[in-house]
Structure formats: structure tokens, C-alpha cells
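Chemist: So you can see what is in the structure, the chains are spelled out below.
Number of protein chains: 2
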Amino acid sequence: MPNDIFSALADPTRRNILEMLAGNDEFPASEIYDKFQVSPQAISQHLKILREANLVHVEKRAQQRIYRINTDAMVELEQWSKSMRHRWTRRLDAMEAVLKAEMKKNLKNQNEEEQSN
Amino acid sequence: MPNDIFSALADPTRRNILEMLAGNDEFPASEIYDKFQVSPQAISQHLKILREANLVHVEKRAQQRIYRINTDAMVELEQWSKSMRHRWTRRLDAMEAVLKAEMKKNLKNQNEEEQSN
DNA sequence: TCCTTTATCAAGTAAATACTTAAATAAAAA
DNA sequence: TTTTTATTTAAGTATTTACTTGATAAAGGA
Chain A
842 MPNDIFSALA DPTRRNILEM LAGNDEFPAS EIYDKFQVSP QAISQHLKIL REANLVHVEK
902 RAQQRIYRIN TDAMVELEQW SKSMRHRWTR RLDAMEAVLK AEMKKNLKNQ NEEEQSN
Chain B
842 MPNDIFSALA DPTRRNILEM LAGNDEFPAS EIYDKFQVSP QAISQHLKIL REANLVHVEK
902 RAQQRIYRIN TDAMVELEQW SKSMRHRWTR RLDAMEAVLK AEMKKNLKNQ NEEEQSN
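In the order they appear, the protein sequences are chains A and B.
For the first sequence, position 73 matches number 914 in our numbering, and the numbering has no gaps at all.
For the second sequence, position 16 matches number 857 in our numbering, and the numbering has no gaps at all.
Hints may be right or wrong, so weigh each one.
Derived EDC-like pairs: lysine to aspartate or glutamate, alpha-carbon spacing no greater than 16 Å straight-line [stated by the list, open to error]:
no.	chain 1	residue 1	chain 2	residue 2
1	B	Lys889	B	Glu900
2	B	Lys923	A	Glu893
3	B	Lys889	B	Asp845
4	A	Lys923	B	Glu919
5	A	Lys923	B	Glu860
6	A	Lys923	B	Asp913
7	B	Lys889	B	Asp852
8	A	Lys889	A	Glu900
9	A	Lys901	A	Glu860
10	B	Lys923	A	Glu900
11	A	Lys889	A	Glu919
12	A	Lys876	A	Glu860
13	B	Lys923	A	Asp913
14	A	Lys901	A	Asp852
15	A	Lys923	B	Glu917
16	B	Lys901	B	Glu867
17	A	Lys889	A	Asp866
18	B	Lys901	B	Glu872
19	B	Lys876	B	Glu893
20	B	Lys923	A	Glu919
Distance windows between CB atoms, simulated [claimed, not checked]:
no.	chain 1	residue 1	chain 2	residue 2	range
21	B	Glu893	A	Phe877	23 to 29 Å
22	B	Glu860	A	Gln878	34 to 40 Å
23	B	Phe877	A	Thr930	23 to 29 Å
24	B	Gln905	A	Glu867	49 to 55 Å
25	A	Ala883	B	Lys923	49 to 55 Å
Treat the hints as calculated values from the structure; they're not laboratory data.
Where a beta carbon is used, it is the ideal one built from N, C-alpha and C, also for glycine.
Work out the full structure: start from the sequences and follow the hints.
Modeler: Next up, the structure:
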């Protein structure tokens with residue numbers, strides 16, 4: 842999974858842009874510019890980073906650039922976190938299995954000792 | 842969702858630490874230090890950031906600090922990306938519904954015109 | 001053609017980040 | 001108590017980042 846996605850998401854302004862795009866079909870750059878206090882150039886730079894991270898799609902329409910969210914990148918992020926959780930829980934399950942096996946053995950040994958006494 | 846999680850995950854070294862922790866039950870800080878080229882102090886600083894983002898748990902054991910991953914934060918991340926996807930797809934579904942309704946209306950109008958002719 | 005709209009690129013800057021080495025803390029062992 | 005082990009904190013620095021203003025590009029309309 843490319844570094845870029847995580848660094849792109851690290852900035853709160855960029856996450857705001859994505860959340861804005863998630864709720865609507867499409868937005869020309871100018872409408873995105875309008876929603877933020879910072880200069881249009883600053884937002885343009887953020888959009889470039891989002892583009893490079895493949896978090897958004899752009900379509901040229903006359904002078905305008907129409908932005909849309911790319912949910913593929915979201916899926917990637919989701920799978921990364923999921924895989925982390927699963928590796929961890931699989932580890933826990935393995936530990937549990939070992940513990941259970943050990944308990945069984947101990948119980949068995951205890952029984953055998955009691956029988957021989 | 843706190844900013845901290847995303848910024849914490851933006852650094853590749855910190856993601857490596859998390860991936861290391863995901864595969865094992867627990868690690869004392871020193872074992873984490875050993876796996877990386879950078880100084881133990883640098884890793885210690887990364888661990889602090891992971892702690893503050895609630896991505897890891899720490900347990901004191903004598904002089905050692907035992908680190909474990911906290912999968913709750915992973916779940917949060919997963920839900921954020923999921924909610925983004927769902928908002929987007931819901932939007933698409935709504936658009937589709939509107940399109941279908943319009944097609945139906947057009948077909949109906951067409952039929953009526955044909956009948957009156 | 002010239003002007004306007006829409007958007008990006010470029011250069012400069014202040015603040016944040018990831019690293020370094022040196023010093024500090026705190027528990028265990030000698 | 002002194003020393004060793006494990007880890008963090010502190011201070012300094014080079015690099016990166018997010019912003020600014022000014023210049024540029026590309027399409028549309030007068």
C-alpha cells in the first residue's frame with residue numbers, strides 16, 4: 842500500500858475535501874475553493890496531493906476541473922486496517938488454543954496422579 | 842475521529858512498528874529498537890506518538906515497557922473509510938433511482954402519445 | 001483579437017517533523 | 001550503595017509541509 846495515501850489523509854483540510862466529495866456526485870475545483878478559508882492556490886495544492894494519492898478523480902470540462910472521490914483508495918485503507926486487526930486476532934486465537942491445550946494436559950496429569958495415589 | 846491517528850499513520854516507520862506488533866503478542870521497546878536502523882531514541886519518539894494516538898498499549902514490567910497494538914484504533918480507521926464509501930455509494934444509488942424514475946416517466950409519456958395518435 | 005474565467009504552477013517563508021547526540025530517570029543486579 | 005540495564009526526555013538541526021503572493025496556461029465569450 843503506497844505511503845502517499847496515509848500522508849495525503851494526514852492533513853485535516855484534505856480529509857474535509859474528501860468528506861465534501863463523498864456526500865456529492867461531483868464538484869468543480871472552484872466550488873471546493875469557496876468552502877475553505879485558505880487561498881484557492883492552497884486548495885489546488887491539496888487537490889494535487891489527493892490526485893497523486895489516487896484518492897480523487899478529475900475530469901476536464903471546458904476550463905473547469907470536475908473532482909470526484911475515488912472509493913478504491915478507501916477500500917485499500919479499509920483492507921490495510923482490517924488485515925492488521927485480523928493478524929492480531931489470529932495471534933490471540935492461536936494463543937488461546939495453546940492455553941486450552943495446556944490446561945487439558947494439566948487436568949489429565951492431575952487425574953492420573955490422583956488415580957495412582 | 843481524532844486527527845492524531847492519521848498523522849501517526851503517515852510515517853512509514855510507525856506503520857512498520859504497528860505491523861510488527863500486529864504479528865506478535867507483545868514486544869518490549871528494546872526489541873522494537875533492534876529492528877530498525879535509526880537510533881533507539883528515534884523509535885522511542887515514534888512510540889510516544891503511537892501511544893498518544895492510542896494505536897498501542899504499554900505495560901510496565903520492571904524496567905521494561907511492553908508494547909501491544911490497540912486494534913480499537915484500527916476499527917475507527919476502518920469505519921471512517923467505510924462511512925466515506927457508503928456515503929458515496931448511497932449518493933450513486935439515489936442518482937440511479939432518479940434516472941430510472943425519469944426513464945419510466947418518459948416511456949409512459951411516449952406510450953400515451955402513441956395511443957393518442 | 002482581447003478580455004474574462006477557471007485553475008494551476010513557481011518562489012518564498014514560517015512552522016512542523018524526523019532525526020541526531022547528550023542527559024535524565026527508574027528499576028534490578030552486584 | 002554503586003553499577004548496569006531499559007527507556008525516555010531534552011536540545012539542536014536538516015528536511016518537509018502548508019501556506020502566501022505573483023505569474024502562467026488554457027478555454028470561452030465579446
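Chemist: State for each hint whether it applies.
Modeler: We went through each hint and held it up to the structure:
For a cut-off of 16 Å, the pair hint linking Lys889/B to Glu900/B stands: about 13 Å separates their Cα positions. As the CA atoms of Lys923/B and Glu893/A are separated by approximately 21 Å, the hinted pair breaks the 16 Å bound. In summary, the hint linking Lys889/B to Asp845/B is supported, as the alpha carbons are separated by about 12 Å, within the 16 Å threshold. For the proposed pair Lys923/A and Glu919/B, the alpha carbon gap of about 7 Å is at most 16 Å, so the pair holds.
With a C-alpha separation of about 12 Å, the suggested pairing of Lys923/A with Glu860/B holds against the 16 Å cut-off. Taken as a hint, the Lys923/A and Asp913/B pair is honoured in the structure, with Cα atoms around 11 Å apart against an allowance of 16 Å. Proximity of Lys889/B to Asp852/B is assessed by CA-CA distance (about 13 Å); at most 16 Å being required, the pair is judged to hold. Distance hint between Lys889/A and Glu900/A is fulfilled; the C-alpha atoms sit about 13 Å from each other, no more than 16 Å.
Annotation: proposed proximity of Lys901/A to Glu860/A is violated, straight-line Cα distance about 21 Å (limit 16 Å). Proposed proximity of Lys923/B and Glu900/A is contradicted: the alpha carbons are some 25 Å apart, above 16 Å. Note on Lys889/A and Glu919/A: the hinted pairing is violated, with a Cα-Cα distance of about 23 Å set against a maximum of 16 Å. Restraint check: the Cα-Cα separation between Lys876/A and Glu860/A comes to about 12 Å, which is no more than 16 Å; the hinted pair holds.
The suggested pairing of Lys923/B with Asp913/A holds, with an alpha-carbon distance near 11 Å, which does not exceed 16 Å. Taken as a hint, the Lys901/A and Asp852/A pair is broken in the structure, with Cα atoms around 26 Å apart against an allowance of 16 Å. Of the pairs offered as hints, the one joining Lys923/A and Glu917/B holds, with about 11 Å between alpha carbons and a cut-off of 16 Å not exceeded. With a C-alpha separation of about 12 Å, the suggested pair Lys901/B and Glu867/B falls inside the 16 Å cut-off, and the hint holds.
For the suggested pair Lys889/A and Asp866/A, the alpha carbons sit about 19 Å apart, so the restraint of at most 16 Å is broken. Restraint check: the Cα-Cα separation between Lys901/B and Glu872/B comes to about 15 Å, which is no more than 16 Å; the hinted pair holds. About 22 Å separates the Cα atoms of Lys876/B and Glu893/B, which puts this hinted pair outside 16 Å; it is violated. Pair hint Lys923/B plus Glu919/A holds up; C-alpha atoms about 7 Å apart against a cutoff of 16 Å.
Range check, Glu893/B to Phe877/A: about 27 Å between beta-carbon atoms, so the 23 to 29 Å window is met. Checked against the hint of 34 to 40 Å, the C-beta distance between Glu860/B and Gln878/A comes to roughly 37 Å, which is consistent with it. Look at Phe877/B against Thr930/A: about 25 Å separates their beta carbons, and that is inside 23 to 29 Å. In this structure the hint that Gln905/B and Glu867/A lie 49 to 55 Å apart at CB holds, the actual value being about 54 Å.
For Ala883/A and Lys923/B, the hinted distance range of 49 to 55 Å is not satisfied, since their beta carbons lie about 29 Å from each other.
Hints 2, 9, 10, 11, 14, 17, 19, 25 from the list above are not met by this structure, while the remaining hints are.
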